[in-house]
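**Q** Sequence:
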Amino acid sequence: MQIVLKNSRLLQFCVLLVIALLCFKSVSAVGHAEHDKARYVSSTGIDSGKCDNPSEPCRSISYAGLQSNKGDRIRMAAGTYQVEDVDTLFYLLSDLVPVNGLFSQATGFTRPDTKNITRLSGVPLEFADKLAEKGFTVIVDSKGMDAKKTLQIRKKMQIYERLSEAKVSASCKDGFAGDYPCENLDLLSHVPLSDFSINPSAANDVWGFYDLNDGKEYAIIGLYNGVSVVEVTNPESPRIVASLESQSTSWRDIKVYQHFNSATAQWDSYAYVTADSASVGTMIVDLRSLPESVSILGSEASDISAHNVYLSNVDYSLGVTLNDVQPYLHIAGSNRQGGAFSTYRLDNPQRPIAIYRNVSSSRSNYSHDVSSMIIKDQRKDTQCLTPGPLCEIFFDFNEDNFQIWDKTNNSNPGRLSTTAYENVSYVHSGWYTEDKQVVVIHDELDEMDYGLNTAVRFFELSDLRGPTLLSTWFGPTGAIDHNGFVRGNRYYMSNYTRGMTVLDISDASNPYQVGFFDTFPVSDNTSFNGAWGVYPYLPSGVVLISDISSGLYIVRDNTVSPPQGGVRFTEQNYTVEEGGSVSLNIERQGGNQEPVSVKWEMLYGSTDSADITVATGELTWADGDSQVQTLMIEIPADESPEPKETFFVRLYDPKGGLSVASPGLAMVEIASSSGVEQVVVDIGEDLSVSAGQTVRIEAVVSGVDEGSAAYNWEQIAGEIVTPVGQNSDVLEFTAPIIESQLVFSLSVSDDQGASASSSITVSVNANQNPVVDAGNNLSVQTNADVSLRGSATDIESEDLTFLWEQTAGPSVSLNQANQATAQFSAPSISSQLIFALTVTDSMGGIGVDSVSVSVVSPRPVVAPQNSGGGGCAVVMTGSKDSSLPLLLLGASVLMFRRRYQKGLNLEC
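Position one of the sequence shown corresponds to residue 1 (our numbering), numbered consecutively onward.
Since the hints were made in silico from the structure, they are not lab data. Mixed in with the good hints, there may be bad ones.
Claimed, not checked - No farther apart than 27 Å at their CA atoms in a straight line, the calculated lysine-lysine pairs in the DSS-like style are these: (1) K167 to K37; (2) K37 to K134; (3) K655 to K644; (4) K155 to K115; (5) K149 to K134; (6) K130 to K115; (7) K115 to K37; (8) K156 to K130.
Claimed, not checked - Per label pair, the in silico range of CB-to-CB distance: (9) S171 to T575: 34 to 44 Å; (10) A301 to K173: 30 to 40 Å; (11) G215 to T613: 35 to 45 Å; (12) F474 to T613: 43 to 53 Å; (13) S797 to V730: 17 to 27 Å; (14) S364 to N412: 15 to 25 Å; (15) A808 to P736: 14 to 24 Å; (16) S471 to T616: 56 to 66 Å; (17) K173 to P563: 58 to 68 Å.
From the three backbone atoms N, C-alpha and C, an ideal C-beta is built for every residue, glycine too.
Input sequences plus hints: build the corresponding full structure.
**A** Pasting the structure below:
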């Protein structure tokens with residue numbers, strides 16, 4: 001560590017400032033597309049071009065940062081660099097685009113060397129320690145800098161530090177909700193990264209979940225080292241239910257599927273989580289134990305790494321299937337077939353079945369993200385591949401273009417069109433309007449490549465085989481647009497350094513901003529930090545935002561009260577009996593200007609055509625009319641006894657400037673019918689287990705006399721096992737050590753003559769070795785305290801044991817070598833150390849990964865003489881354990897130089 005303090009103050013004050021140095025937590029977020037590209041900076045360079053040629057480096061860190069993609073890195077040549085703005089300081093501190101010094105332009109920036117001293121001048125004192133640890137020589141001296149600019153840097157970075165603290169609710173007043181710039185969006189709560197038990201260094205995407213079993217709402221947020229479920233039913237008091245650790249990566253994507261289990265008369269729900277630049281497959285998270293807990297069911301490992309996951313043919317507020325179609329799981333940007341999208345059936349949500357994979361492995365087929373819609377207008381007959389009652393349209397965001405596919409036959413899709421546009425740079429993602437006439441396109445690199453302000457494009461879809469550009473919305477800053485979703489006539493998008501932006505898209509040819517919430521108030525520059533994802537579909541109307549650097553935000557949407565009003569149901573939940581009718585009241589509130597309309601539709605939910613007759617319609621109001629309107633729905637009588645069932649009515653596609661407020665979704669419960677209760681035996685979904693694993697199958701039975709119920713389990717296929725509990729409601733056994741398909745049947749009866757049976761298939765898989773990550777290679781100084789931070793994931797969720805061993809370099813003593821994180825003290829000489837992390841699962845499977853640690857000797861730096869007189873310089877080299885008493889002793893000796901522990905020098 002090297003720190004130089006140089007000014008005209010007394011040594012005592014210098015020392016006190018040194019003692020006050022603060023650590024600053026960095027965020028690591030590696031990019032996609034072509035990441036790991038170097039940008040070059042030299043104090044003699046010129047700020048032009050892309051900074052990617054080592055023989056033509058740029059001059060400033062901030063300029064190089066603006067040219068950098070996610071995952072790039074900046075290499076600095078020896079020299080002195082002035083820290084003159086908050087963007088430069090943030091790049092140096094955050095590691096979002098890692099900035100490293102100690103390079104030489106003469107050697108082509110090939111490798112760092114401590115001889116290549118890289119000085120940073122004008123660094124605020126509280127950040128000097130952090131930058132010194134990264135190998136920079138830090139000069140805490142703002143002499144010659146603009147005082148106003150220095151104060152601005154300090155204020156901005158103080159705000160950034162407060163982002164790591166949980167926030168309470170704050171209304172948006174005079175353009176701010178606490179520290180956060182805003183418009184028409186109130187802060188309800190904030191869950192910082194430090195609140196999550198797995199201690200993530202960054203967050204990524206977010207999705208929401210409404211549990212139809214009890215009406216509770218949740219946020220599911222991707223983290224650098226896992227995923228977390230947060231209950232937000234009370235949005236001002238969020239509760240972290242669980243954080244599930246997984247392999248470290250900057251990219252995760254999440255979607256939720258919910259379906260009714262007729263055997264248990266409960267809703268079963270699962271979250272599907274992909275991870276890019278990882279090797280964990282698609283994680284399947286079981287949400288059925290909420291609100292108490294969640295668990296990892298396993299992983300769909302066909303696509304071991306993938307950028308995005310998508311569910312088609314579902315309602316995105318509930319995750320339930322739409323009418324008359326089947327749900328499908330789609331994987332985009334995977335490690336297979338050049339990253340082309342693949343499709344899975346969800347007959348058994350715990351075990352998705354692949355039904356489509358592109359036959360080509362060309363990188364030109366890469367899908368970065370996808371979305372879809374169902375059309376029933378004339379385009380289904382005139383523009384889709386085959387005429388029919390409906391057509392499933394699939395949008396494929398393909399980096400340099402977007403493609404439209406007919407996915408009505410999901411196992412054999414056909415491309416309808418490929419569309420590019422002027423200034424195309426990286427077609428990233430998009431969504432469609434509720435009238436299904438426009439698709440919104442996000443290009444992630446056009447702001448960076450072409451110097452644009454935020455640019456969001458709207459393409460008209462009257463001709464699916466030839467979409468045309470309808471309009472482009474330009475934002476007030478150069479912040480990059482990332483992901484977005486439509487709800488009603490509002491478009492909610494993550495806007496990186498500007499947080500979340502909300503557009504009114506009532507007229508897609510002329511969209512305009514109606515709100516924003518800036519989760520990254522430090523800067524609005526064109527860089528990859530700030531808001532990653534948004535989710536606007538929770539029935540309560542609250543909006544979720546995930547921020548890379550600071551975690552989860554829950555905000556109230558006040559953009560849905562325009563002069564034309566917002567439309568909503570007067571109640572969210574209704575109950576009706578078979579043979580009866582239910583009245584749903586819809587009100588226009590907050591305004592009554594202009595004639596307006598809104599469409600409505602019924603969704604089956606857990607009912608079917610024997611229970612209800614689904615219908616659609618449209619409600620209209622004249623200019624000045626605010627009268628409540630009523631939908632009357634008749635429920636036919638059904639002679640068969642049934643448990644309670646639920647269907648849904650939703651409002652969508654408002655016109656005339658009307659917005660959809662909350663609740664925009666009504667839930668109608670049909671009460672259970674009387675009569676002899678039907679016997680139901682549920683032993684769960686088919687299972688996939690590991691060889692040697694203890695398997696427990698628990699039956700849930702209704703409709704029998706518990707006092708006389710008789711249970712009989714029977715194995716009817718597969719490698720023979722010896723079970724326990726063959727005459728009870730729970731069967732346990734140890735899975736065989738070979739791959740096998742086991743089938744068990746359970747019959748239940750009572751002395752009243754009631755009986756039923758059910759069967760289950762247990763697939764036994766060969767044990768898979770743990771996936772091990774020993775962490776990033778490190779560069780440390782001699783005598784430094786070093787932590788090796790490893791991690792491992794096991795698809796079978798077996799118990800893991802860790803063992804760190806040194807395999808090269810001068811021998812060091814490892815502490816906690818049998819833990820995921822081990823520590824040691826670096827040698828006192830420059831050297832190269834290599835450590836291997838071996839992880840063993842309970843079945844004997846072994847995974848190994850290595851990490852390299854470069855140990856470099858610090859170079860003491862003595863400040864030049866201060867011509868102003870009366871000053872002093874403090875030069876610190878060595879580790880951070882130089883004692884406070886020695887520092888204070890040094891402060892009392894103003895005219896002497898003394899050497900203290902581990903190279904601490906005081907000079908006057």
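**Q** Holds or violated: are the alpha carbons of K37 and K134 at most 27 Å from each other?
**A** holds, 20 Å
**Q** Could you tell me whether the CB distance from S471 to T616 stays inside 56 to 66 Å?
**A** Between S471 and T616, where Cβ atoms are some 29 Å apart, the hint is violated.
**Q** Go ahead and decide if the range 34 to 44 Å is satisfied by the Cβ distance of S171 to T575.
**A** holds, 35 Å
**Q** Given a hinted range of 58 to 68 Å, is it respected by the beta-carbon distance of K173 and P563?
**A** violated, 21 Å
**Q** Range first: 15 to 25 Å. Now tell me if the beta carbons of S364 and N412 are that far apart.
**A** holds, 20 Å
**Q** Look at the Cβ atoms of S797 and V730 and judge whether their distance stays inside 17 to 27 Å.
**A** Distance hint for S797, V730 holds at roughly 20 Å.
**Q** Quickly compare the C-alpha distance for K130 and K115 to 27 Å and report which way the hint goes.
**A** Measuring from Cα to Cα gives roughly 20 Å; hence the hint holds.
**Q** Please test the hint of 14 to 24 Å on the beta carbon pair from A808 and P736.
**A** Hint violated: Cβ distance 42 Å, outside 14 to 24 Å.
**Q** If you check the beta carbons of F474 and T613, does the distance land in 43 to 53 Å?
**A** With a Cβ separation near 47 Å, F474 and T613 satisfy 43 to 53 Å, so the hint holds.
**Q** Starting from K655, check that the Cα of K644 is at most 27 Å away, please.
**A** violated, 35 Å
**Q** When you check the alpha-carbon spacing of K149 and K134, does it fall within 27 Å?
**A** holds, 25 Å
**Q** Would you mind confirming whether the straight-line C-alpha gap from K155 to K115 stays at or under 27 Å?
**A** Since the Cα atoms of K155 and K115 sit roughly 34 Å apart, the hinted pair is violated (cutoff 27 Å).
Hint compliance for this structure: hints 1, 3, 4, 10, 11, 15, 16, 17 are broken, all remaining hints hold.
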